[in-house]
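Colleague: Protein chains in written order, with the numbering used here: chain X, 493 to 724; chain W, 493 to 724.
Hint data in this document are derived by calculation from the structure and do not stem from the laboratory.
Misleading hints may appear alongside valid ones.
To be verified - Cut-off 27 Å, straight-line C-alpha distance, at most; resulting in silico cross-link-like pairs (DSSO-like, lysine-lysine): (1) X:LYS563 <-> X:LYS650; (2) W:LYS563 <-> X:LYS650; (3) X:LYS650 <-> X:LYS504; (4) W:LYS650 <-> X:LYS563; (5) X:LYS549 <-> W:LYS563; (6) W:LYS549 <-> X:LYS563; (7) X:LYS504 <-> X:LYS549.
Stated by the list, open to error - Below, a sample of chain X positions facing chain W; criterion: calculated Cβ distance under 7 Å: (8) GLU503; (9) VAL562; (10) LYS563; (11) ILE564; (12) ILE569; (13) SER604; (14) PRO631; (15) PHE637; (16) ALA648; (17) THR649; (18) VAL653; (19) ARG657; (20) ILE659.
Claimed, not checked - If you anchor each label on the Cβ, the simulated ranges turn out as follows: (21) X:ASP565 <-> W:GLN656: 19 to 27 Å; (22) W:ASN682 <-> X:GLU706: 29 to 37 Å; (23) X:ASN666 <-> W:ASP719: 56 to 64 Å.
Just so it is clear, the structure is predicted and the values come from calculations on it, not from any experiment.
The C-beta atom is built at its ideal place from N, Cα and C for all residues, glycine as well.
There are 2 protein chains.
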Amino acid sequence: MNSTKNNKPLEKAVVLLSGGLDSATLLAIAIAEGYECHTLAVDYGQRHNAELDAAGKISKALGAKQHRQVKIDLRAIGGSALTDDIPVPDADINSQDIPVTYVPARNSVLLSMALGYAEVAQANGIFIGVNAVDYSGYPDCRPAFIAAFEALAQVATKAGVAGQRFIVHTPLINLSKADIIRRGTELGINYGATVSCYQADVQGRACGRCDSCELRKQGFIAAGISDPTRYS
Amino acid sequence: MNSTKNNKPLEKAVVLLSGGLDSATLLAIAIAEGYECHTLAVDYGQRHNAELDAAGKISKALGAKQHRQVKIDLRAIGGSALTDDIPVPDADINSQDIPVTYVPARNSVLLSMALGYAEVAQANGIFIGVNAVDYSGYPDCRPAFIAAFEALAQVATKAGVAGQRFIVHTPLINLSKADIIRRGTELGINYGATVSCYQADVQGRACGRCDSCELRKQGFIAAGISDPTRYS
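Bound conformation, chain X alone (with noise of 0.2 Å):
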């Protein structure tokens, strides 16, 4: 699904940034492959701001084209974890189950406001940093929920309508956190101002206990590389 720079030099993408660790390792993929990128960071009630506040600058670091944050509280909803005010469990990472820190709909949200973007930087691509490896049982970040999503895109939006092909790249969908760690180490990433942690401080240090502190934790250990993360 990804172009290479030779190929397609001046394809424009949006990409979703979170501010973690996936997400930077993805832009840095998306700028590799020769995308012009425009990043989105979607700020939907979760309890720290400190993983969007490392979205922006990732986003100047890794040399995006421009930068966007949209709030959406989906804290209105309600239904889990991180914008409710259930406790944040600690890490269960081999419970099949949906875990509680599932946001109902959260990935359609998120991939509706990228479209939206696409559509008026006339963009036909969209980086999402889904993972079916890690991805601890939330269904929209399965192929299935991908492809469906693509489908709807091409017949929700005005450019679809006209004929552009809007495709949803997902390079980080079979990699572990050892991979996407190794990846973008490769692509000189400075994890250390990437914030993952479900309940990090107003500084951006972790938790080191969350389902999203085990995972990188042990990422960074299964990558043999050193964990620059800053715990509180």
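Please arrange chain W on chain X, whose structure you already have, making use of the hints.
Modeller: Okay, now just chain W, sitting in the frame of chain X:
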């Protein structure tokens, strides 16, 4: 696609309610069909809030179970006269072009939000007031778009993966504006409380000149029903 009161008396539905004429009629239809209705108004940075105020009042007046309002700032993405500083054009309802009042991916965003709310409220119905007759060329008001979204909903959610079937109900899709007004009048709606204008003033009074005003005005004339719209 609709159920009757006698067949499924306790089904829940999320109803997207803008405060305009169409969605007020939509809610009245959903309630008449026996659904327990959870209304959702989305503030997507449109210029006027009179329509949102009307939504809350209409939800209560028609007997919805719950009303929620979510703010999402689509102005950060731009591309539309409804959210940017482009002047709203006067009516040209016979044009075949997609109008500048088209908001990129708007109905994808709205339905994604409704899907998240439906999952939290354990509703399997979503009602949206799209219309393929007077839709002024919006791609995301067509049956093909609705079908693609239903397909997405099945794979996007925990409930869908667990086997729940989400249905997107579009009872207005093939109705003319006059048909909608006749149906709503039968159901007892006070259309004086609804706001359809793209640039209503703070008291909810309509401009009388935009596409939306023109369609509404002609609808009352065609229905042979006296127009209770408050004009500025």
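Colleague: Please check whether VAL562 of chain X passes as an interface residue: C-beta within 7 Å of a C-beta belonging to chain W.
Modeller: holds (4 Å)
Colleague: Against chain W, run the beta carbon of ALA648 of chain X and see if the smallest gap drops under 7 Å.
Modeller: holds (5 Å)
Colleague: Does SER604 of chain X pass the interface hint, meaning its C-beta sits closer than 7 Å to a C-beta of chain W?
Modeller: holds (4 Å)
Colleague: Are the Cα positions of LYS650 of chain W and LYS563 of chain X separated by 27 Å at most?
Modeller: holds (24 Å)
Colleague: Closer than 7 Å between Cβ atoms is the bar; does PHE637 of chain X clear it against chain W? Give me holds or violated.
Modeller: Holds: closest Cβ of chain W sits about 5 Å from PHE637 of chain X, inside 7 Å.
Colleague: Quickly compare the C-alpha distance for LYS650 of chain X and LYS504 of chain X to 27 Å and report which way the hint goes.
Modeller: holds (17 Å)
Colleague: Using the C-beta atoms of ASP565 of chain X and GLN656 of chain W, is the stated range 19 to 27 Å upheld?
Modeller: holds (25 Å)
Colleague: At a threshold of 7 Å, is the proposed contact between ILE659 of chain X and chain W supported by beta-carbon distances?
Modeller: Since chain W brings no Cβ nearer than about 16 Å to ILE659 of chain X, farther than 7 Å, the hint is violated.
Colleague: Taking only the CA atoms, is the gap from LYS563 of chain X to LYS650 of chain X under or equal to 27 Å?
Modeller: holds (24 Å)
Colleague: Should the interface hint for THR649 of chain X be scored as holding, given a Cβ-Cβ cut-off of 7 Å against chain W?
Modeller: Holds, about 6 Å.
Colleague: For LYS549 of chain X and LYS563 of chain W, compute the direct alpha-carbon distance and say whether it is at most 27 Å.
Modeller: holds (25 Å)
Colleague: Quick one, is the ILE569 of chain X hint okay against chain W at 7 Å, beta carbons?
Modeller: Interface hint status for ILE569 of chain X: holds (5 Å vs cutoff 7 Å).
When the structure is compared with the earlier hints, violations turn up for hints 8, 19, 20 and 22 and for no others.
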